[in-house]
Amino acid sequence: MLLDLKSVQKHFGGVKALSDGNLTVNPGEVHLLMGENGAGKSTLMKIVAGIQRADAGEMIWRGEKADFRSPAEATANGIAMVHQECLLAPHLTVAENIFLGREPNKPGGWVNRREMEQSAARLLEEHHFPLQASWLVSRLSPAQKQLVEICRAIQHGSSLLIFDEPTSSLSESETHEVFRIVKTLRDRQMGVIYITHRLDELRSVGDRVTILRDGKTVHSCPLGELTTGELIRHMVGREVSAIYKREPVTPGAEMLRVDHLSRKGLLQDISLAVKAGEIVGLAGLIGAGRTELCRAIFGLDPIDSGEIRVAGTRIQIRTPGDAVAAGLALIPEDRQKSGLATGLPIQHNLTMASLGAISSFGFLNHAAEKSVTSEYVAKLRIRCSSGAQLAGRLSGGNQQKVVIAKWLARGAKVFLFDEPTRGIDVGAKVEVFEVMDQLARSGAAILMVSSELPELLQVADRILVMRQGRISGELPGRTTQEQIMRLAAMQEQT
Amino acid sequence: MIQRLLPFLTLTILFVALAIASPHFLTDTNLSSVVRQTAVINIMALGMTLIIVSGGIDLSVGAILAMGGLLGTMALQKGVSIPLAVAIGIFTGMFWGFVNGFLTTRLRINPFIVTLGTLGIVRGLTLIISNGLPVHEIPARFSFLGEGNVLHVPFVLWILMACAVIVHVIMEHTKLGRYAFAIGSNPDAAFYAGIAVPFYITAVYAIGGMLTGLAGMIEASRLMTGQPTAGQGYELQAIAAVVIGGGSLRGGEGSVVGTLVGAFIMGLLANGSDLLGISPYVQQAIIGAVIILAVSFDELRKRRMSS
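The listed protein sequences derive, respectively, from chains A and B. Okay, so the first sequence: first residue is 1 according to the working numbering, each after it adds one. Okay, so the second sequence: first residue is 1 according to the working numbering, each after it adds one.
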């Protein structure tokens with residue numbers, strides 16, 4: 001047995017983040033750690049990695065009682081964590097990042113650069129990582145950055161590696177690459193703890209599973225013993241249909257039309273149309289230009305040529321301000337970075353795009369703001385203590401609802417959803433889908449980017465597939481993952 | 001909650017302690033001199049609050065204060081009426097605030113760098129215009145602005161209160177104020193929400209400049225000179241007042257009441273040291289330590305709140 005956690009507890013102020021955390025990991029095992037956001041997975045892992053300390057309970061590491069007081073202590077004992085948000089120094093090279101904090105020295109405290117670069121190169125080659133030791137980390141893709149973190153863990157001689165939602169920002173092929181690496185780590189008798197939300201991917205990587213709910217370990221068993229339905233039931237504590245399927249409505253008038261839109265090197269001759277009541281999926285690999293297309297339509301990036309029409313009227317969009325004025329809304333891929341002001345109250349976020357409607361001569365009407373807030377909090381069932389609560393303290397799903405509510409309050413008619421369910425747990429995902437469905441039913445047109453194919457198949461009425469900056473095909477909503485992948489990845493279709 | 005009230009508490013304790021320690025503290029002359037001394041920094045700090053809330057910073061306010069005061073007093077020297085001269089001072093400040101806002105938003109240069117640059121430019125221009133010489137020929141009535149009383153209360157206190165109310169209303173009750181918080185808290189989210197970020201940032205710097213111009217005229221009135229070297233180091237005092245009052249240099253946080261308290265804490269510390277015969281050298285060190293203490297308490301509070 002590598003790691004054994006027994007009834008670990010952790011409080012933050014009056015909030016109990018963990019009340020009974022139990023977990024056993026063996027060498028040569030990929031252990032899935034599952035649970036909704038707020039279930040206590042991250043807290044449990046932070047305790048293992050020495051980032052936080054438990055209030056009570058026991059941790060046995062390689063047969064001995066352990067209590068790591070700092071990440072450095074955990075690292076020294078062979079525990080490494082690959083973080084969801086990348087913790088690398090962007091201006092340093094791959095080699096420098098791998099050896100950060102333990103550079104090979106020459107006498108006098110000088111760094112032996114050559115040895116460092118050579119060992120980094122050896123490490124990369126040994127594991128068939130598609131990286132060069134001399135590359136700057138700031139130029140790497142999210143997937144490549146994770147490879148660097150994994151390298152760092154291997155180099156440090158770790159025997160337990162914790163992955164916190166490693167594939168949430170990766171494309172399909174990159175995900176498979178991460179799986180391949182996880183399996184080689186397992187084959188070297190390392191222990192792997194793998195936190196994930198993606199039900200579709202876990203079967204291909206996990207051996208055992210432990211499920212947390214409300215700070216307690218509720219179930220632990222070999223993965224094969226559970227069906228996906230049972231897994232979800234353990235996670236949410238109630239029956240949830242994972243197989244959400246939207247009933248399409250008869251589309252109305254054309255709300256968004258893009259004709260021959262191009263942006264040098266990124267988007268080539270894109271034409272598409274979305275009608276009122278429709279949810280159109282946009283599939284493709286990372287880098288295919290889906291996010292870039294949303295950004296271009298929304299005025300975040302300039303376009304070289306092409307026309308955009310909203311509700312039949314041709315409009316010039318130079319800034320997001322123009323797009324918003326025309327009735328467009330963007331729910332960005334990175335909620336924390338560009339969707340939400342996490343340090344401000346919910347109601348300030350909610351009215352951010354529609355202050356004009358609740359103010360006269362520049363002066364705000366606080367009563368009107370309150371009533372708008374409570375209207376949308378109720379409508380979207382945003383779970384919060386009040387509109388004055390800081391947006392950053394909501395769960396991912398509720399944060400996303402605040403972002404959507406911001407656009408509802410503005411009266412937007414065309415919604416661009418970029419990865420709407422990223423970092424959101426199963427139960428909340430379905431709620432986000434339901435909100436999107438209601439939006440469409442009330443006459444909105446929705447363009448939805450998603451890297452999770454099952455999700456697109458559940459929600460979209462039809463699916464556009466992008467490849468290398470072009471739209472490579474259109475598929476009906478009831479298509480298959482294989483067909484989408486063929487259009488997304490193949491050079492020529494036959 | 002206790003920690004949020006900490007600045008108020010500090011101010012009260014300081015006030016009571018000084019009242020006990022020195023018989024000269026609770027006198028009309030002393031208290032009104034504290035008010036007059038802090039008013040200039042205070043009015044600048046109000047503008048700085050808005051700027052810092054929007055995620056910016058303005059290092060050029062000390063230099064702008066000098067140019068506002070100089071151009072205003074030069075106008076007085078030429079026989080311009082006092083209200084018009086004050087307006088000239090305010091307009092000068094607004095102009096440079098606009099320049100700062102324009103450069104940060106259009107050229108997308110970090111405001112720290114932009115205002116470090118304009119600090120040099122404005123100070124240099126002020127010295128060139130005045131040839132390095134102060135303006136002395138000022139009508140005696142002008143001293144009322146900085147030294148006069150209305151209803152037994154220093155006139156500057158009325159001005160300060162009026163400015164504080166206006167800035168408070170801007171921050172809490174107008175679109176401009178709300179956008180300043182939004183931009184300071186997350187500029188990307190504000191831009192994505194369709195807010196005309198460059199316009200509002202420029203407006204914030206312009207308002208800060210206007211208040212600085214006004215402070216420049218008050219300073220000139222108190223000295224009865226248009227001093228081209230006035231206001232050196234004031235920018236740091238203004239920033240310190242905002243920060244002691246709970247403003248965050250990361251943007252999105254700050255309040256008028258906090259800034260007022262912060263400025264008065266610094267004012268009382270200076271006054272108290274004078275009364276108790278503590279050397280000005282020690283004073284500087286004390287104020288420096290207070291800034292660090294205040295901010296560490298605030299950081300602790302936030303960390304406890306977020307965990």
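Among the hints, erroneous ones may be present.
If you anchor each label on the Cβ, the simulated ranges turn out as follows [to be verified]:
| hint | chain 1 | residue 1 | chain 2 | residue 2 | range |
| --- | --- | --- | --- | --- | --- |
| 1 | A | A388 | B | G288 | 32 to 38 Å |
| 2 | B | R301 | A | Q132 | 43 to 49 Å |
| 3 | B | F297 | A | G252 | 25 to 31 Å |
Quick caveat, the hints were computed from the structure, so don't treat them as lab data. Here a beta-carbon is modelled for each residue, glycine too, at the ideal position from N, C-alpha and C.
message = Which constraints among the numbered hints does this structure fail? Numbers only, ascending.
response = 3
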